[in-house]
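Kindly generate the complete structure, drawing on both the sequences and the hints.
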Amino acid sequence: METEKLKTSVINKIEACRNQLSELSLKIHSNPELGFQEVKAADWLTRYLKENGFSIERGIGQLPTAFKASYGNGRPFIAILAEYDALPKLGHACGHNIIATCAVGAGVASKLAIDRFGGSILVIGTPAEELYGGKIMMADRGAFNNLDIAMIVHPGTSDTATTEALACQTLDIEFFGKAAHAAAEPEQGINALEAMLQSFAAINSLRQHIRSTARIHGIITDGGEAANIVPAHSAGNFIVRAMDDAYLDELKEKVLNCFIGAATATGARLQYKWAETRYAPMRNNLALAQLFAQNMQSLGRSVSLSESGHAFGSTDMGNVSQIVPSIHPHVGIADKETLTHSPEFALAAASDRGIEGMLDAAKALAMTVVDLVANPETLARVREEFEKGK
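Counting from 1 along the sequence shown, just add 15 to a position and that's the residue number in the numbering used here.
These are computed hints drawn from the structure, not numbers from a lab. Note that the structure is a prediction, hence the values are computed from the model and not measured. Built from N, CA and C at the ideal position, the CB exists for glycine as well. Just so you know, not all the hints are guaranteed correct.
[Claimed, not checked] Only pairs whose alpha carbons sit at most 30 Å apart, straight line, appear in this in silico DSSO-like list of lysine-lysine:
1. Lys126 - Lys55
2. Lys42 - Lys351
3. Lys269 - Lys288
4. Lys55 - Lys28
5. Lys42 - Lys65
6. Lys403 - Lys267
7. Lys65 - Lys55
8. Lys65 - Lys20
9. Lys267 - Lys405
10. Lys42 - Lys28
11. Lys351 - Lys403
12. Lys267 - Lys193
13. Lys288 - Lys104
14. Lys193 - Lys288
15. Lys126 - Lys20
16. Lys42 - Lys55
17. Lys351 - Lys104
18. Lys267 - Lys288
19. Lys65 - Lys28
20. Lys42 - Lys126
21. Lys126 - Lys28
[Unchecked claim] What follows is a list of derived Cβ distance ranges for each label pair:
22. Glu291 - Ala261: 17 to 25 Å
23. Lys20 - Arg62: 18 to 26 Å
24. Thr18 - Gln223: 31 to 39 Å
25. Leu362 - Ile71: 28 to 36 Å
26. Glu200 - Gly74: 55 to 63 Å
27. Ser45 - Glu66: 17 to 25 Å
28. Lys269 - Thr23: 52 to 60 Å
29. Glu38 - Leu212: 47 to 55 Å
Right, dumping it as structure tokens:
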């Protein structure tokens with residue numbers, strides 16, 4: 016069967032690029048760059064794609080380290096997304112070097128399918144996933160509007176074809192009180208730190224009465240100047256998450272009331288600001304996920320379709336999934352007990368197991384591209400599910 020022969024060809028192409036892809040992944044891993052500072056990674060990735068016949072457009076979505084690499088002409092426009100930002104102090108403890116490298120490897124191998132059946136393969140570089148939600152900005156600026164498919168693979172501790180990601184919004188809080196000597200004249204002060212602590216207590220009480228999939232967490236970023244001075248200022252940063260946008264809105268109001276109540280109780284003045292960027296929940300396209308799962312299984316991996324109800328966090332890929340049929344599967348590169356965003360996971364992202372996961376993910380992505388361009392009915396089924404889900 017022609018499709019199976021073509022899948023064998025894309026697998027062989029990625030194997031032929033094994034050394035180059037491995038070196039690229041390790042080079043990005045050894046040179047971690049924070050969000051919007053990924054100058055080296057973006058340059059290395061686009062250079063590799065250009066050397067392999069892609070047309071390069073840099074700075075898309077008005078983001079200097081974003082890019083679009085294109086090969087082919089006309090529909091369907093199938094995009095494989097790359098992330099390459101690192102975490103503060105932890106480097107690539109989320110394995111974005113693997114995401115980036117499997118994306119470019121899959122893109123190059125997918126040229127074989129485009130040459131045979133037509134269409135276009137795009138590798139889109141999306142900066143600052145970790146701290147700023149770069150894809151949210153790119154989505155708002157139309158970077159994903161004309162796509163037919165969007166796919167990205169994230170390293171993890173198991174092989175899964177879908178991701179449960181929460182809607183999410185960040186809240187910055189400040190309390191303004193009045194400084195006074197904490198021993199001589201405490202009655203003259205207004206304790207801004209006490210307002211923050213009461214807010215935490217209220218949120219802890221609220222947690223008993225929210226949905227099990229929702230999350231509220233925060234930190235104090237300013238708690239005062241000295242123990243003998245009544246704190247005149249306190250500040251904190253909080254994140255509110257929910258499975259859907261409607262419940263996120265409901266939860267946001269309840270969380271804000273915790274701070275309003277603390278301000279009333281202490282007399283401190285409250286000032287707050289919700290982040291402009293809002294992470295949307297992930298819309299998994301199951302028809303597309305099943306294709307990817309079958310291709311991963313053909314490589315010898317045991318792939319589950321879902322994460323068994325476990326919501327791992329939030330991702331700006333959720334915003335992309337609201338616009339275009341999308342998947343955000345995981346490829347296992349570490350043992351179950353290994354935590355992401357940890358030094359141990361950073362080591363896994365540069366390990367032999369990490370390299371094998373990157374190569375398998377690239378192969379499965381390219382094989383899924385073959386399925387989509389070789390069979391118009393398959394692409395139509397994916398699109399039909401997306402439209403019904405709206």
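- Query: Can you list which hints this structure breaks, lowest number first?
  - Reply: 11, 23, 24
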